[in-house]
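These protein sequence lines map, in sequence, to chains A and B. Just so you know, numbering that gives the first Met the number 0 puts 275 at position 276 of the first sequence, and the rest follows in order with no gaps. Just so you know, numbering that gives the first Met the number 0 puts 230 at position 231 of the second sequence, and the rest follows in order with no gaps.
Don't read these hints as lab results, they were simulated from the structure. Be aware that a few hints might be false.
Facing chain B, from chain A, some residues (calculated, C-beta under 7 angstroms) [claimed, not checked]:
#1 Arg77
#2 Ala83
#3 Pro103
#4 Arg105
#5 Ile107
#6 His161
#7 Asp210
#8 Phe215
#9 Asp218
Just so you know, these numbers come straight off a predicted model, no measurement behind them. Glycine is no exception: its CB is placed at the ideal position from the N, C-alpha and C atoms.
In case you want the letters, here they are:
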Amino acid sequence: MDKLFRLKPEALSKIVETFVDTGQLIADWANYTEDTGQYCDLDLLKQLSSRAASLLKMEEMDPWLAPRLHCALRIPRRIAVDAAMWTWLALNCHQFIEARFRQPNRKIHPWRYYGGWSRNGLSRLWWGAEMTRNGASYEDVKHCFARTRTAQFALELMYSWHRPAAIAFCRVAEGVDGERLTDARTRTLSTRLRVLLSLQCLEATGSRTIDAEDEFDEDWAQHRPSLASLMGELGSLKGPSTGVCEEAAIDALAAWYREVLAMSGVEELAVDAAAERTDVSE
Amino acid sequence: MPPVRLAPFAFSDGIRLSLSDFDDPVTGRQVSAGTHGVVRGDDELPLTYDVSADPPWRKLTLGLTAKLQETELHRVIPPGRDPQKDVSLVVSIACPPTKYRHGVTLGAKSLGVWAGHVTLRREDLRGAVSLRPMLVLTQGLKQFSTETGYAHRGGSVIGRGDAPQLLVDASALSPMQALVMTVWEDFSSSENSWRREHSNSLFHLEPYSDRPRLFLNARYSELREILNSEAAKGGEAAVRDLTAGLIADSVWVQLAVVAASAVTTGDGDDSVGVTGAEWKRQLLENLLPGLYPDEPSPQERMRRLAADFQEGTGAASLVSRIGTLVQDMIATHRVIEAAVRAHEGLRTGTENGE
C-alpha cells in the first residue's frame with residue numbers, strides 16, 4: 000500500500016494551474032505534498048481510472064468508474080472531505096480527468112483538480128458512490144451517474160445526505176419503474192422537494208426504525224481488492240456492510256416524489272395563464 | 000421576538016433540545032463538553048457543545064432531551080389524537096462536510112418531554128454536527144383527521160426547535176462564534192436607547208464587556224431565516240454568505256480597533272500590555288503577525304501597534320490594513336466568487352458549470 004498524500008494548500012493553485020496550462024507537473028511537485036496518515040493502492044487507482052479513460056465512451060465513464068473507485072479507495076468520510084487529497088489523486092489519475100472533461104478548443108477547468116467535492120473529477124464519483132450505495136450493493140450508483148443532471152440533483156442538496164432519499168431520487172429521475180424524467184422535470188422535482196421538506200421529515204418517511212448508524216466499515220476498509228475483481232460486473236462488487244437502506248423507505252420516498260411531480264405547480268399555472276391570454280387575444 | 004414560521008397547519012417552533020452525558024463507549028471515559036451560547040430574551044441557550052478537546056474520542060455517546068410546553072403540544076396536535084402515541088420526536092443529525100445524515104427517535108418520558116441517546120463515530124464526522132429536533136406525526140395517513148388547520152399526513156413536521164451543534168474539530172468554529180455572543184432583539188423595543196433610536200439597523204455590536212455581544216435586529220425575521228439557512232450552494236447560500244460577510248466585516252473591524260486601543264505602554268520602561276478583557280489579547284495575537292509581517296518579535300509588534308494607534312497617519316494606515324486583513328480572514332473574495340457562480344447558475348439554468 001502507498002501513503003495517501005495531499006497537496007499543501009499554499010501550493011495547490013500554482014501546481015494545478017501550471018498543469019492545466021502546460022500539461023506538465025512541475026518537477027519537484029512531490030515536495031509540495033504532505034501525508035494524510037492514510038493509505039491507498041495508488042497503482043490500482045491509476046490502472047482503474049486509465050482503463051475507464053481508454054476503454055469507455057465519455058458517457059459511460061462515470062457510472063463505470065464511480066463504484067469501482069469507491070471500492071478501491073477504502074477511506075472514511077472524515078478523510079474524504081479533504082479537497083487537497085483529491086487534488087493529489089486527480090493529478091495522479093490525470094489521464095482520466097483529461098479524457099472525461101476535455102472539450103474541443105478549451106482547457107480543462109482547474110476545479111476538476113482542485114475544486115470542491117462535487118467539482119473534482121474523482122471525488123464527485125467517490126462521494127456519489129458513497130451516498131447512493133445501499134450497504135454493500137452499488138447497483139443504484141449506476142442510476143445516479145446515468146446523467147450529469149441526475150447526479151447533480153441527487154447529490155448536491157441537503158436531502159441527498161439521507162441515503163434512501165438520494166437513491167429514490169436517482170430511481171425516479173432515471174425511470175426505474177416509471178417514466179424517465181427530463182432534465183427540466185428533474186430540476187422541478189428537486190426544487191419542490193426543497194420547499195416541501197421544511198414540513199416533511201425525511202428520516203420518518205417510510206422507515207420502520209429510525210436510528211443513527213455508523214457509515215464507516217472498519218473491517219471492509221482493511222481488505223484490499225484486486226484489479227481483476229474490480230474489473231468484473233457491477234453486481235460482483237462488494238462495498239461496506241454499513242448504510243443498508245430499507246427498500247420500504249426507498250419505495251415510500253419514490254412514491255412521494257412521484258406525487259410531488261404530479262402536483263400542479265407555478266410552472267403549469269404560468270402556462271395556463273399564458274394560454275388564457277392567447278385565447279382572449281384570439 | 001422569534002421569527003414566525005408560516006405553515007399550512009398548526010406548527011410550533013418551541014422545541015428545546017439539550018445534550019448531556021458525553022462519553023466514549025470504546026474507552027469508557029467521560030468526554031468534557033464546553034458550551035458556547037446564544038441569548039434569546041432572558042435565556043442563554045447552549046448553541047455549541049465543544050467536544051473537540053484532546054485526547055480525541057473514537058466514538059461519542061450522548062444523551063438527548065427535548066422539551067415542548069404542554070400547551071404548545073396540545074395546540075399543534077390534531078384534535079382527538081394522543082400526544083404521546085401519535086407523534087414522535089425525531090432528531091435529525093447532520094454533518095455538512097461529511098454529508099452524514101441520520102435520524103434518531105427519542106422516547107416519550109412525560110407529556111412534552113422526550114429523551115434518548117445516540118452514538119457517533121469519529122470517522123463519519125468532520126467539523127461540526129447539527130442536531131435538529133422535530134415533532135413528527137407518526138405514519139398512517141388515514142388514521143388522522145383532515146380537520147382544517149392541522150397536519151394530517153404521516154411524517155409531517157408539526158414542531159421544530161433550534162439545532163444545537165456538536166463541535167468535533169475546533170477549527171470548525173468560526174473565530175467570530177468563539178469570540179462574540181449573538182443576541183436577537185427587536186431594536187424598536189430595546190432597553191438600549193441607541194438601538195431604539197436606530198431601530199432600522201441590521202445589527203449593533205457592544206464590544207464592552209468580557210465577551211462582546213452582537214445584537215441582530217429580530218425585526219427582520221428574514222434575516223434570521225437566511226442566516227440560519229442550511230443551503231449548501233445556490234442562490235440561497237450565496238445570499239446567506241453575503242449577508243454574514245457584510246456583518247462579519249464590520250464586526251471584525253470594530254473589534255480589532257477596540258482591541259488595538261487597549262494596548263498600553265509603560266511609563267519610562269519597555270513594557271507593553273493589553274488592558275481589559277482577555278478577548279482583546281487573543282484577537283491581537285491573531286492579527287498582529289499579519290499587520291506587521293516583517294517584525295518577528297510579538298512584543299515589538301505590540302509596541303509598534305501602540306505607537307501607530309497614537310499617531311495620526313499611523314492610525315489611518317493601521318485601520319486601512321486591518322480592513323484588508325479582515326477581508327482575508329472572512330475570505331470575502333470567495334463569498335463573491337460563489338455569489339457570481341450562483342447568479343450564473345440561475346441565469347443559465349445550470350449549477351455545476353458543465
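Verification of the supplied hints:
no., hint, result
1, Arg77, "holds, 5 angstroms"
2, Ala83, "violated, 14 angstroms"
3, Pro103, "violated, 15 angstroms"
4, Arg105, "violated, 12 angstroms"
5, Ile107, "violated, 12 angstroms"
6, His161, "holds, 5 angstroms"
7, Asp210, "holds, 6 angstroms"
8, Phe215, "holds, 4 angstroms"
9, Asp218, "violated, 13 angstroms"
Of the numbered hints listed earlier, those contradicted by the structure are 2, 3, 4, 5 and 9.
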